Amino acid sequence: MIEFSNVTKYYEDDIVLKDVTLAIDKGELAFITGPSGAGKSTLLKLIYCDERPDKGRIVVAGWDIDKLKQSTIPYLRRNVGIVFQDFRLLVNRTVFENVALALRIHYMNTAAIKEDVNAVLKEVKLIHKANTYPQHLSGGEQQRVVIARAMVSKPTVLLADEPTGNLDIDNSQIIMGLFREINARGTTVLIATHNHGLFHGTGRRVFFLNEHTIEKEAIG
Amino acid sequence: MKVFIYSFQSVFRSLWREKWINLLTILSVSIGLSLLTAFIMLTLNMESVIQRWAKNFGLVVYLNENISSDEEAALKNRFSQDSDIIETKYISKDLALKELSTTLGANTLILEGLNENPLPSSYELTLKSSLLAPEFVRKKALQIEQMKGVEEVLYGEKWLSSLYTISKTMKVGAVFIGCAIFIAITFITYSTIKIFFYRRKDEIETLKLLGATRVFIRLPFLLEGLTIGLLGGIISSLVIYSIYSFTSLKVIEFLPSVRLFMASLPFEVYVIVPIAGAAVSVIGSYIAVGRIRY
Ligand SMILES: Nc1ncnc2c1ncn2[C@@H]1O[C@H](COP(=O)(O)OP(=O)(O)OP(=O)(O)O)[C@@H](O)[C@H]1O
Ligand SMILES: [Mg+2]
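Read top to bottom, the protein sequences are chains Z and W.
At position 52 of the first sequence the residue is numbered 51 (numbering that gives the first Met the number 0), and the sequence of numbers has no breaks.
At position 57 of the second sequence the residue is numbered 56 (numbering that gives the first Met the number 0), and the sequence of numbers has no breaks.
In short, the hints are calculated from the structure, not lab data.
Heads up, a few of these hints could be off.
Here's a subset of chain Z near chain W, in silico, CB distances under 8 angstroms, partners left out [unchecked claim]:
1. 54
2. 69
3. 76
4. 77
5. 89
6. 101
7. 104
8. 132
Pairs of lysine-lysine, PhoX-like flavour, derived with a Cα cap of 25 angstroms [stated by the list, open to error]:
9. Z/215 with Z/17
10. W/157 with W/167
11. W/127 with W/170
12. W/138 with W/127
13. Z/68 with W/200
14. Z/113 with W/1
15. W/200 with Z/44
16. Z/153 with W/1
Please read these numbers as outputs of a predicted model, since none were measured by experiment.
Glycine residues also receive a C-beta, built at the ideal position from the N, C-alpha and C atoms.
Working from the sequences, and respecting the hints, build out all of it.
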């Protein structure tokens with residue numbers, strides 16, 4: 000589902016990723032970990048074309064990223080749900096509207112949007128906050144809104160960048176539970192985190208990113 | 000279709016949220032368009048006045064004292080075959096004298112002392128009004144002067160060339176001012192839409208990451224520009240209509256001579272102005288949004 004072959008990425012003259020090769024299977028739930036600044040976010044950005052590789056080949060859900068034209072990038076992104084490290088919630092829109100945005104870009108009709116958004120808000124236990132603005136929510140709640148937005152369009156791939164950033168263990172467990180559920184429905188999930196507790200004992204594959212490359216691959 | 004419905008919803012939200020900037024922009028656009036229309040009307044009217052004057056413009060061909068009737072007929076024939084001349088009027092010696100005495104009125108006595116008619120016979124030629132160019136008229140006059148039996152050709156040379164210059168200047172001026180106003184309107188919508196675009200930069204960035212297409216991002220801005228231009232145009236049409244009806248109803252009552260300067264304003268103008276406003280505003284918005292890169 001996600002395939003990197005010898006991918007190298009520079010920012011100006013600084014190398015961030017060097018000869019990264021990895022493959023994540025369809026329906027898998029996997030982790031990427033590594034110290035801060037190792038390039039985890041960059042690796043995810045390469046998947047959704049926010050950054051382009053300098054060398055190597057990336058294939059996502061059958062799309063060859065190299066051959067992707069600017070105008071087809073949106074269609075790739077519609078297959079990829081993203082939980083951004085910096086949330087990217089719109090402060091002038093309610094929780095409902097923030098989540099609905101992911102469907103509006105498909106020009107889905109209002110009734111269907113309402114149904115889907117409410118269903119997903121129930122799932123992340125935020126239906127009672129539907130009309131609240133994001134800045135009035137706790138960090139854990141905001142995180143769940145972002146997850147709701149990423150999953151509402153039922154993407155084939157879900158990428159989560161540091162989804163438990165500064166949450167306590169209970170909240171982290173709630174969020175991990177959500178990812179397991181999304182994954183159980185067939186979505187391939189890739190989680191970038193520096194929190195080893197998140198994958199410890201899950202029995203899932205973990206890629207260790209260090210010194211610009213995949214240092215090792217292990218089972219969590 | 001859904002694309003448009005969705006975008007229009009977003010336009011109305013934005014129009015309402017930013018109602019003051021939008022109102023200001025709409026008013027500026029309508030002022031610009033009103034000026035443009037007023038100027039076009041002025042030019043058209045001046046042109047029609049000039050054309051009307053030019054219609055009466057003619058060459059007077061004075062004939063030789065001893066011209067034979069054959070020569071006269073030959074001249075008449077040549078004039079009527081010349082496609083640049085639309086009317087040929089013969090004024091005989093006697094008719095000329097009669098006209099002169101009518102003009103003199105009570106002073107006819109001056110003529111009494113003459114025992115012979117001193118006036119030459121002549122042809123009055125009316126030229127096609129589209130052939131107003133002074134250069135052309137001069138050539139024509141010279142050409143006729145060379146003909147057998149012609150004594151002299153007279154026409155209002157100074158008068159003609161100043162009319163011609165005025166008309167030329169007005170046309171060039173109209174094009175310049177028209178362009179200037181169009182650019183101004185483009186710029187007005189450009190800056191307003193640019194402001195909106197920058198204000199929503201974060202939102203647009205997020206939309207792009209969520210998978211929004213260029214059309215999805217761009218269309219609301221273009222439609223907002225379109226709405227602004229259209230409303231501006233409609234306001235401008237209403238203003239022009241009011242001014243026009245007011246002048247035709249009231250002013251003519253007091254100053255009938257104004258009618259001379261008022262060409263009728265075709266109905267199409269009221270439709271064309273909003274369409275032009277919308278088109279120009281869409282161009283402004285398009286430039287403001289610019290290229291969307293992923
Ligand atoms: N847009 C950019 N321009 C230049 N350098 C960048 C850019 N984005 C990231 N970097 C640099 O690339 C390196 C990797 O950044 P990245 O965000 O991928 O790390 P990360 O592993 O996600 O770290 P963290 O765990 O803190 O989120 C860092 O040294 C960072 O400073
Ligand atoms: Mg990061």
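Here is how each hint holds up against the structure:
For the restraint placing residue 54 of chain Z at the interface with chain W, the shortest Cβ-Cβ distance is roughly 20 angstroms, beyond the 8 angstroms limit, so the hint is violated. Annotation: interface hint on residue 69 of chain Z holds; nearest CB of chain W at approximately 5 angstroms, less than 8 angstroms. For residue 76 of chain Z, the shortest C-beta to C-beta distance to chain W is roughly 4 angstroms, which falls under 8 angstroms, so the interface hint holds. With its C-beta approaching chain W no nearer than about 4 angstroms, residue 77 of chain Z sits inside the 8 angstroms limit, and its interface hint holds.
With its C-beta approaching chain W no nearer than about 5 angstroms, residue 89 of chain Z sits inside the 8 angstroms limit, and its interface hint holds. Contact between residue 101 of chain Z and chain W, as hinted, is supported at the beta carbon level, the nearest pair being about 5 angstroms apart and thus within 8 angstroms. The beta carbon of residue 104 of chain Z comes within 4 angstroms of a beta carbon in chain W, closer than 8 angstroms, and the hint placing it at the interface holds. Among the interface hints, the one on residue 132 of chain Z is violated; its C-beta lies about 14 angstroms from the nearest C-beta in chain W, farther than the 8 angstroms criterion.
This hinted pair checks out: residue 215 of chain Z and residue 17 of chain Z have alpha carbons roughly 14 angstroms apart, not beyond 25 angstroms. Taking the CA atoms of residue 157 of chain W and residue 167 of chain W, the gap is about 15 angstroms. The hint holds against a cut of 25 angstroms. For the hint pairing residue 127 of chain W with residue 170 of chain W, the CA-to-CA distance comes to about 20 angstroms; that is within 25 angstroms, so the pair holds. Between residue 138 of chain W and residue 127 of chain W the CA atoms are separated by roughly 15 angstroms; this keeps the pair inside 25 angstroms, and the hint holds.
A hinted pair counts as satisfied when its Cα atoms are at most 25 angstroms apart, and residue 68 of chain Z with residue 200 of chain W qualifies at roughly 23 angstroms. A threshold of 25 angstroms between alpha carbons decides the hint, and for residue 113 of chain Z with residue 1 of chain W the separation of about 16 angstroms falls inside it, so the pair holds. For the suggested pair residue 200 of chain W and residue 44 of chain Z, the alpha carbons sit about 19 angstroms apart, so the restraint of at most 25 angstroms is met. Simply put, residue 153 of chain Z and residue 1 of chain W have alpha-carbon atoms about 21 angstroms apart, close enough for the 25 angstroms limit, and the pair holds.
In summary, the numbered hints that this structure violates are 1 and 8.
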